[in-house]
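Following the hints, complete the assembly by docking chain B onto the known chain A.
Protein chains: 2
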Amino acid sequence: MSATEYLQRNREKHLNELIEWLRIPSVSAKSEHKADTAAAADWLAERMREAGLTVEIIPTAGHPVVLGEWRGAPAGAPTLLIYGHYDVQPPEPLDEWTSAPFEPEVRDGNLYARGSVDDKGQVYLHVKAVQALLAEGGSLPANVVFCIEGEEEIGSPNLATFLRDNAERLACDTVVISDTTMFAPGLPCITTGLRGMAYMEVRVQGPATDLHSGAYGGAVVNPANALARIIAQLHDDQGRVAIPGFYDRVRELTPEQRQAIAGLPFEEETLRKEVGAPKLSGEAGFGSIERIWARPTLDVNGLLSGYTGEGAKTVLPARAMAKISMRLVPDQDFHEVEKLFTAHVQSLAPEGVTVEVLALHGGQPWHAEGSGPVFDAAARALEAAWGRKPVFIREGGSIPIVQAFQETLNAQALLIGFGLPGENAHAPNEWMSVENFQKGAEAIAGMYEELR
Amino acid sequence: MSATEYLQRNREKHLNELIEWLRIPSVSAKSEHKADTAAAADWLAERMREAGLTVEIIPTAGHPVVLGEWRGAPAGAPTLLIYGHYDVQPPEPLDEWTSAPFEPEVRDGNLYARGSVDDKGQVYLHVKAVQALLAEGGSLPANVVFCIEGEEEIGSPNLATFLRDNAERLACDTVVISDTTMFAPGLPCITTGLRGMAYMEVRVQGPATDLHSGAYGGAVVNPANALARIIAQLHDDQGRVAIPGFYDRVRELTPEQRQAIAGLPFEEETLRKEVGAPKLSGEAGFGSIERIWARPTLDVNGLLSGYTGEGAKTVLPARAMAKISMRLVPDQDFHEVEKLFTAHVQSLAPEGVTVEVLALHGGQPWHAEGSGPVFDAAARALEAAWGRKPVFIREGGSIPIVQAFQETLNAQALLIGFGLPGENAHAPNEWMSVENFQKGAEAIAGMYEELR
Numbered sequence: 001m002s003a004t005e006y007l008q009r010n011r012e013k014h015l016n017e018l019i020e021w022l023r024i025p026s027v028s029a030k031s032e033h034k035a036d037t038a039a040a041a042d043w044l045a046e047r048m049r050e051a052g053l054t055v056e057i058i059p060t061a062g063h064p065v066v067l068g069e070w071r072g073a074p075a076g077a078p079t080l081l082i083y084g085h086y087d088v089q090p091p092e093p094l095d096e097w098t099s100a101p102f103e104p105e106v107r108d109g110n111l112y113a114r115g116s117v118d119d120k121g122q123v124y125l126h127v128k129a130v131q132a133l134l135a136e137g138g139s140l141p142a143n144v145v146f147c148i149e150g151e152e153e154i155g156s157p158n159l160a161t162f163l164r165d166n167a168e169r170l171a172c173d174t175v176v177i178s179d180t181t182m183f184a185p186g187l188p189c190i191t192t193g194l195r196g197m198a199y200m201e202v203r204v205q206g207p208a209t210d211l212h213s214g215a216y217g218g219a220v221v222n223p224a225n226a227l228a229r230i231i232a233q234l235h236d237d238q239g240r241v242a243i244p245g246f247y248d249r250v251r252e253l254t255p256e257q258r259q260a261i262a263g264l265p266f267e268e269e270t271l272r273k274e275v276g277a278p279k280l281s282g283e284a285g286f287g288s289i290e291r292i293w294a295r296p297t298l299d300v301n302g303l304l305s306g307y308t309g310e311g312a313k314t315v316l317p318a319r320a321m322a323k324i325s326m327r328l329v330p331d332q333d334f335h336e337v338e339k340l341f342t343a344h345v346q347s348l349a350p351e352g353v354t355v356e357v358l359a360l361h362g363g364q365p366w367h368a369e370g371s372g373p374v375f376d377a378a379a380r381a382l383e384a385a386w387g388r389k390p391v392f393i394r395e396g397g398s399i400p401i402v403q404a405f406q407e408t409l410n411a412q413a414l415l416i417g418f419g420l421p422g423e424n425a426h427a428p429n430e431w432m433s434v435e436n437f438q439k440g441a442e443a444i445a446g447m448y449e450e451l452r
Numbered sequence: 001m002s003a004t005e006y007l008q009r010n011r012e013k014h015l016n017e018l019i020e021w022l023r024i025p026s027v028s029a030k031s032e033h034k035a036d037t038a039a040a041a042d043w044l045a046e047r048m049r050e051a052g053l054t055v056e057i058i059p060t061a062g063h064p065v066v067l068g069e070w071r072g073a074p075a076g077a078p079t080l081l082i083y084g085h086y087d088v089q090p091p092e093p094l095d096e097w098t099s100a101p102f103e104p105e106v107r108d109g110n111l112y113a114r115g116s117v118d119d120k121g122q123v124y125l126h127v128k129a130v131q132a133l134l135a136e137g138g139s140l141p142a143n144v145v146f147c148i149e150g151e152e153e154i155g156s157p158n159l160a161t162f163l164r165d166n167a168e169r170l171a172c173d174t175v176v177i178s179d180t181t182m183f184a185p186g187l188p189c190i191t192t193g194l195r196g197m198a199y200m201e202v203r204v205q206g207p208a209t210d211l212h213s214g215a216y217g218g219a220v221v222n223p224a225n226a227l228a229r230i231i232a233q234l235h236d237d238q239g240r241v242a243i244p245g246f247y248d249r250v251r252e253l254t255p256e257q258r259q260a261i262a263g264l265p266f267e268e269e270t271l272r273k274e275v276g277a278p279k280l281s282g283e284a285g286f287g288s289i290e291r292i293w294a295r296p297t298l299d300v301n302g303l304l305s306g307y308t309g310e311g312a313k314t315v316l317p318a319r320a321m322a323k324i325s326m327r328l329v330p331d332q333d334f335h336e337v338e339k340l341f342t343a344h345v346q347s348l349a350p351e352g353v354t355v356e357v358l359a360l361h362g363g364q365p366w367h368a369e370g371s372g373p374v375f376d377a378a379a380r381a382l383e384a385a386w387g388r389k390p391v392f393i394r395e396g397g398s399i400p401i402v403q404a405f406q407e408t409l410n411a412q413a414l415l416i417g418f419g420l421p422g423e424n425a426h427a428p429n430e431w432m433s434v435e436n437f438q439k440g441a442e443a444i445a446g447m448y449e450e451l452r
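Chain order of the listed sequences is A and B. Going by UniProt numbering, the residue at position 397 of the first sequence is 397; the numbering climbs one at a time, nothing skipped. Going by UniProt numbering, the residue at position 196 of the second sequence is 196; the numbering climbs one at a time, nothing skipped.
Calculated directly from the structure, the hints in this document are not laboratory data. Just so you know, these numbers come straight off a predicted model, no measurement behind them.
Now the in silico label distances, taken between C-beta atoms and shown as ranges: (1) B:Gly309 to A:Thr354: 18 to 26 Å; (2) A:Ala343 to B:His426: 36 to 44 Å; (3) B:Ala215 to A:Glu168: 34 to 42 Å; (4) B:Asp95 to A:Thr209: 15 to 23 Å; (5) A:Glu92 to B:Gly422: 54 to 62 Å; (6) A:Asn16 to B:Gly309: 42 to 50 Å; (7) A:Glu256 to B:Ala215: 20 to 28 Å; (8) B:Gly186 to A:His212: 20 to 28 Å; (9) A:Glu168 to B:Thr209: 39 to 47 Å; (10) A:Thr354 to B:Asp165: 49 to 57 Å; (11) B:Ser99 to A:Ala61: 56 to 64 Å; (12) A:Arg452 to B:Asp210: 46 to 54 Å.
Below are the DSS-like pairs computed for lysine-lysine, each with C-alpha atoms no more than 25 Å apart in a straight line: (13) B:Lys313 to A:Lys30; (14) A:Lys313 to B:Lys30; (15) B:Lys313 to A:Lys339; (16) B:Lys339 to A:Lys313.
Ideal Cβ placement from N, Cα and C applies to all residues, glycine included.
Pulled out of the complex, with its shape left as it was, chain A reads as follows (with noise of 0.2 Å):
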């Protein structure tokens, strides 16, 4: 019997112990819910046992990391990381669940419960498929570790610690990651590449004290009309950055990106009703996913100054502050983008005014090779499941752990998403299609078979 075989006659079971999974409330941000993710924890461990694996439960300075391991493989073949997360979100607003959040249920073919697809139900498809192939066959093309952390919905702060300590016993070759989206129900898909970051802060003093308007205003540089004139500068008229040197790194989308991209199942008037925008608009010459996927951004992302509760009050303020960071892509370097941020800022300043500049927090790009011996073998994998070729998205966010993984471990990340748009991650009615964890377990025992 193949693995295929084996996850299709316990189909019924494994999406049973899924929602016994799913019944454990393991939200990491919430104290009372401590014993709760440690249970949710001890499940998975005991699982990965029974799957064939060597379990260990790490503990860190906040929830514990659950280390599963096999390492049967012949000498020379890659060994895999399966990173994911077993704790949730805070399920709230309870009130607006259909079924209640910890209590799983099956409507129209998805399976709803906070933690579904985020990311419990794409964890453990990864768990069943290794479990396939040891029950079957007894033994897997390459070494595996699963290290599956309880702290991802709050930021992940021990993770990089964890990778640094356990460094040696955690290198692989590529880490596999289960927390995206595919772009359409039935398409499958690789994402190959994440926005880098660089958030700004940038404070205008311009006298010493708030001043009466009356007493003051047209003698005194007001400090909020001088950074509203300096974020004016920050774009040029056809929504292109006009900060010097901005773009000198992009990698341009080639012809045939541009092609795949528009070959993709998107409507630009879906997105406008989903963002609830009177029209869609940015830098010229590209269609809304070329603009989120592949180039830059700058955004206001917090404004404050003066005065901002209700009424008139006639303040000429003393300080003017502005939140602004710029979404990055291959090959733009974060650090050196916060240089030319700031040179360019403070060359607007106009006479009047003192301005700081702050890099608050930043994040390199990713984009992945798109070929090698395990790529290969997952988009092969895909198109077995789903009778289609995988497309190859990107998304316009970040995903700090593929840098941590990459940086700390010098390890390729690939991403496979088995979750579908509007699937309510982070929010109310969160949910997986059955057939997604279904049809993921199969592609992933699929990839490991590839690999022979």
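Okay, now just chain B, sitting in the frame of chain A:
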């Protein structure tokens, strides 16, 4: 004996009376001082009666008005209304006072107490002037109505109603107000101009809700960036307001007015140090006094959008708000400016956002005629008291009461202030020059004499 001699002979007695009044903490903003505020009204009423006025304390929805009348002038004589207030600002922070706010103390020729210059001292010198004239001559060349309210420091919420309800009784030719400041010690002044105001709020709406700046940034127009671009286009590079039609009704300064301003004892560097800005700047071609007194402005009073707390939050905000006020000069009309502003801001709104413009508050600019019997009499009397011609100054702010009198009673206002720069009105260590209290009384008595 002349009125001046009467005032000089009773100098110490009058100062001690004022000190007695200043001991009453008539803080209108605080309910625990309600009885004190009433006591201050009673005290004033009693002194007015002693001066020879017919006095009535008229209740309002808040603190009462002290109305004092003398109507013995010959037929055809003008009627002057003396406006002032007996309430004071809260004294906090108490620990910054050298002597206690309600234990008046004379140091270096200045009387320190809350309310000394704002406005009890300036009210009381009017009472003493009338008393001197009635005591020495038995009559005045004008009918006089004192209208001294108890709510100026809380925005005069009941004054407009009071004026309307008592319009016949308050009918007058000129309203004399002593609640302003001389430009410099020893330099008598008449305030001949106040700026008006159009206070607006601009609300920019982008997407329906806050979005993740990674998942959508670049494809959705950011309302905070859009607001900054709108604000940046409200001035040109010369510091002029760039709203079409904005300057059409602005009365330009005459060469004589500019020369008079240039002759005032004023240093730009002193103002720069006072406000603590790195440099003063504003509309090209004008000095700071001209900018504050006679040029219209546009200032952002408040900005708010997105995340303004500590650290980095990657939000693409749904909306952004600015409070923006324009100070207006004769002959601008605030209703018209509101319309010009709204139309221009709407015309600047980029695709992808909707812009709403609200008019929150408005007031007309004011400029005194600068001549006429009472004005000329006051000018001559000021010259006699100080030994030099008074200068005509303006204020950059608004005094809504001037508008209220003009609109309700159709009376010209005459603003003669006896405060001095640095007098700390509204701040700890408020003081009034004892010399100005004395000379002010003499000048006001002289004004009546000049009307004979």
